[in-house]
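We have chain A already, so just place chain B on it with the hints.
Read off the chains here:
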Amino acid sequence: MSNLAWIFVSTLLVNNFTLVMFLGLCSFFGVTAKIETAWRLGLANTFVLIITAVSAWILNTYVLTHTPYLRTIAFIVVIASAVQIVEMAVKKYLPVLFRQLGIYLPLITTNCAILGLALFQTSRHYTLVEGLVFALGAGFGLTLALSLLASIRERMEVADVPVVARRMGLVLVAASCLSLAFMGFAGMGSQ
Amino acid sequence: MTTTIAPTPLGPVVTPGIPIPQGPPSPQPEFIPGAPPPATLLADAWRGIAAENPVLVQMLGMCPTMAVTNVLANGIAMGLATTFVLVGSGLCVSLLRKYIAHEVRITSYILIIATFVTLADLLLAASFPEISKALGPFIPLIVANCLLLGRAEAFAAKVKPVRAVADGMGMGLGFTLSLSAMSAIRELLGRGSLLGFDILGPRWEPWVFMVLPAGGFFTLGLLLITAAWIDELRRKRRMVVVK
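From first to last, the protein sequence lines are chains A and B. FYI, in this note's numbering the residues of the first sequence are 1 to 191. FYI, in this note's numbering the residues of the second sequence are 1001 to 1243.
In isolation and in its complexed conformation, chain A is listed as follows (with noise of 0.2 Å):
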């Protein structure tokens, strides 16, 4: 059991998945200008992450022992459909989620953070329910991220800044400071 908490906590904080391990970085940037699309994405992205676990999960176990070679073609061939099938979903059965989430969900699939939970998960050798604990704490870190991006750039739309740095420049400073906040972390891993 602390070894799933433990699973939890390294990737919601220690290890944050965007803030630390560079993944999903390109809708870090692109869709943080807001902070209620943010925390929707994040969301969007945790239940996409869950299906992604269980999927790899059963693609490892039962289909790719001897084929190890196809996994990359695998993985994303897979995830790519898996996301078409939940937008289906939950376009037909909860058409107010969908309206919410709008473009967002299909842009999910091109997301480096998927695939990389889904290789992740292989190259650690988690079991389905510590890949499950790791997609979770993987969407939490993802959506804990984008929110603080997101309000530090609300704010700075109506700071006084010099003209150089209007654009991504000063975006990509803040993160840097947001990521060596999240260094104080890493000493919870020495224990």
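These aren't lab readings, by the way, just hints derived from the structure by calculation. This structure is a prediction, so every number in the text was calculated from the model and none was measured. Take these hints with a grain of salt, some might be off.
From chain A, some residues computed to sit far from chain B (all C-beta separations above 10 Å) [to be verified]:
id, residue
1, Asn-3
2, Val-20
3, Val-31
Ranges of calculated distance between the beta carbons of each label pair, as one might list FRET restraints [stated by the list, open to error]:
id, chain 1, residue 1, chain 2, residue 2, range
4, B, Ala-1227, A, Lys-91, 38 to 44 Å
5, B, Ala-1101, A, Glu-154, 41 to 47 Å
6, A, Pro-68, B, Ala-1101, 28 to 34 Å
7, A, Cys-177, B, Leu-1122, 37 to 43 Å
8, A, Arg-155, B, Ala-1227, 21 to 27 Å
9, B, Ala-1039, A, Leu-128, 29 to 35 Å
10, A, Glu-157, B, Ala-1227, 17 to 23 Å
11, B, Ala-1101, A, Arg-124, 36 to 42 Å
12, A, Leu-97, B, Val-1162, 45 to 51 Å
Every residue, glycine too, gets a C-beta built ideally from N, C-alpha and C.
Just chain B now, with coordinates in the frame of chain A:
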């Protein structure tokens, strides 16, 4: 070498009462919506290096840009692997552009890209096992690099194979150059060395910050601010000349 755009005729002048002779249809160039304007191969390649640099201008493919650039050798290897995938997938997508149905194009592009990524992964693991181990899961993660899907969808699917290869070369080279610049700065300041050779001597106190993840964000932020600053200086100088 310049390409001249032929003036497009606006159709025959219709005079009332006289029937227009219906000749055999003249071979017209196929119209593809959103196709890039015609350009020389050199211009196609140069665009990726300068005006549309994937990292510094388009901000695409950020994950490998940050994650593997703490050492120069890793940055160069990552850039070259991505170039290989860009050129290969661009060529394949362009060759197959008339056979891929519009509805399944994204899935097909991803499959083509994934094939080349697997090739690059296995080649790298066979010839440079140390670099392959250092890059770890970031080589298979090239599949999820938005730069590849972006070029396949926006460029390679709409032009002839030669142009797609030129564009892939340019984009790949631009990507490699930006990655090398970033990793050179980070390795020099963070370890005092370049490509493993000691440059700054034993008295140099390494900036640990630069090899940490935070240093990646910081270096790219500084590069972007510098680029914006140079742009600003150039603009001011042009204003003075105009006056």
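Here is what the structure says about each hint:
The Cβ of Asn-3 (chain A) lies farther than 10 Å from every Cβ of chain B, with a closest approach of about 22 Å, so its non-interface assignment holds. Consistency note on Val-20 (chain A): stated as away from chain B, yet its beta-carbon is not over 10 Å from all of that chain's, at 5 Å minimum. At roughly 13 Å, the least C-beta separation between Val-31 (chain A) and chain B is larger than 10 Å, which holds for a residue marked as non-interface. Against the hinted window of 38 to 44 Å, the Cβ-Cβ separation of Ala-1227 (chain B) and Lys-91 (chain A) comes to about 42 Å, which satisfies the hint.
For Ala-1101 (chain B) paired with Glu-154 (chain A), a C-beta distance near 42 Å keeps the hint of 41 to 47 Å intact. Our hint of 28 to 34 Å for Pro-68 (chain A) and Ala-1101 (chain B) holds, since their Cβ atoms are close to 31 Å apart. Checked against the given bound of 37 to 43 Å, the beta carbons of Cys-177 (chain A) and Leu-1122 (chain B), roughly 39 Å apart, stay inside it. For Arg-155 (chain A) and Ala-1227 (chain B), the Cβ-Cβ distance of about 25 Å falls inside the hinted range of 21 to 27 Å, so the restraint holds.
The hint said 29 to 35 Å for the Cβ distance between Ala-1039 (chain B) and Leu-128 (chain A), and at roughly 52 Å that hint is violated. The given range of 17 to 23 Å is respected by Glu-157 (chain A) and Ala-1227 (chain B), whose C-beta atoms sit roughly 22 Å from each other. Remark: the range hint 36 to 42 Å for Ala-1101 (chain B) to Arg-124 (chain A) is upheld by a beta-carbon distance near 39 Å. Distance hint check: the CB atoms of Leu-97 (chain A) and Val-1162 (chain B) are about 46 Å apart, consistent with the given range 45 to 51 Å.
Against the hints set out earlier in the document, violations occur for numbers 2, 9.
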